[in-house]
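In case it helps, our numbering puts the sequence shown at residues 1 to 305.
Incorrect hints may have been included.
What the hints assert, rightly or not - Simulated pairs of lysine-lysine, DSSO-like, Cα-Cα distance not exceeding 30 Å:
no.	residue 1	residue 2
1	K50	K75
2	K228	K169
3	K268	K46
4	K194	K228
5	K46	K141
6	K268	K54
7	K194	K278
8	K70	K46
9	K75	K54
Derived by calculation from the structure, the hints in this document are not laboratory data.
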Amino acid sequence: MKKNLILAACLFLLSACTGNRRDIRLTSEPSIERAFDIISGTALGKPLMKFLYKNPVMFEYSNTAGICHKFALQKGAIFVPVEMRGSDLVLALSIARAAYIYRLYLLTGLEEIISEEEELGALFQARLGLEINLVNGDFEKAENAAGLKSNFCSYIMEQSRYTMAQARKEALSQDPDCQRPLDTLAGQQLWLGKMRQAMNNDNFNQLLYERDLQRVRRGTLTMSEAMKNDARSRAMPTYETYRFQRTFYDYQSAVFSNFTEIYYRELKEDQAWRQAHKADIDRARAEFSDCNMPETAVPAGKPGI
């Protein structure tokens, strides 16, 4: 009897240590679950799904205007366009891009989603599309998937820089329904420089508040939250304010350096992947020979940053 109890206890401890990822809910939608299974079945997607189960966030369909993914990370949610559910494969691509951006957001420590993350997300989405062997008919099953198809076409017909330029143009466009325009890393660094100068005057709190107001306009922060943040920072005693300013500046500088390192590492991985999958890209070019490429200027110099 005692031996059986010990054995049962060991099995319980073993199951507690290993855990069951199915105990962690990432969605309440069966179609999104199927999309997760598709992502998990790919070499690119498996590590991403593993990351999601370690850092759970809920994926649900958006019930507001805008055919795009939307982040409500303070509430632990990511919303994807309901129009994509006509095709499990296209839905998987839409979810994977948002999940990849969420992963970057956590790994880099940035406080908000920026354009460069969308650029990398567009590349990842296209690579995953090649892995799951997308065909023209998949896009036809989904409603309003022209933007996603355009991204995929740009990757297989042109080069990664073209895809990134297209994603950047979209990210910087005026579209409040999709939480745009996004900021850029250069914009964030410029703002941090102003914050450093503001340590010697009374503009520090005002700059913090103005940044929160930008987030309010994008729909990623509520006005009440912005006002609470402002009241909290202004209520600090003088000696705590200076320490907070120095800590804030040093932390943000480290975050930007970390992001730049990750950004270029991801670009190198994309280049290596393209080299290793030339045959897959050629096959996709034949399948999508009817791609109508939009006029998007490819920026000179280094991509993105």
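Can you name, in rising order, the numbers of the hints this structure does not satisfy? Of the numbered hints, 2 and 7 do not hold.
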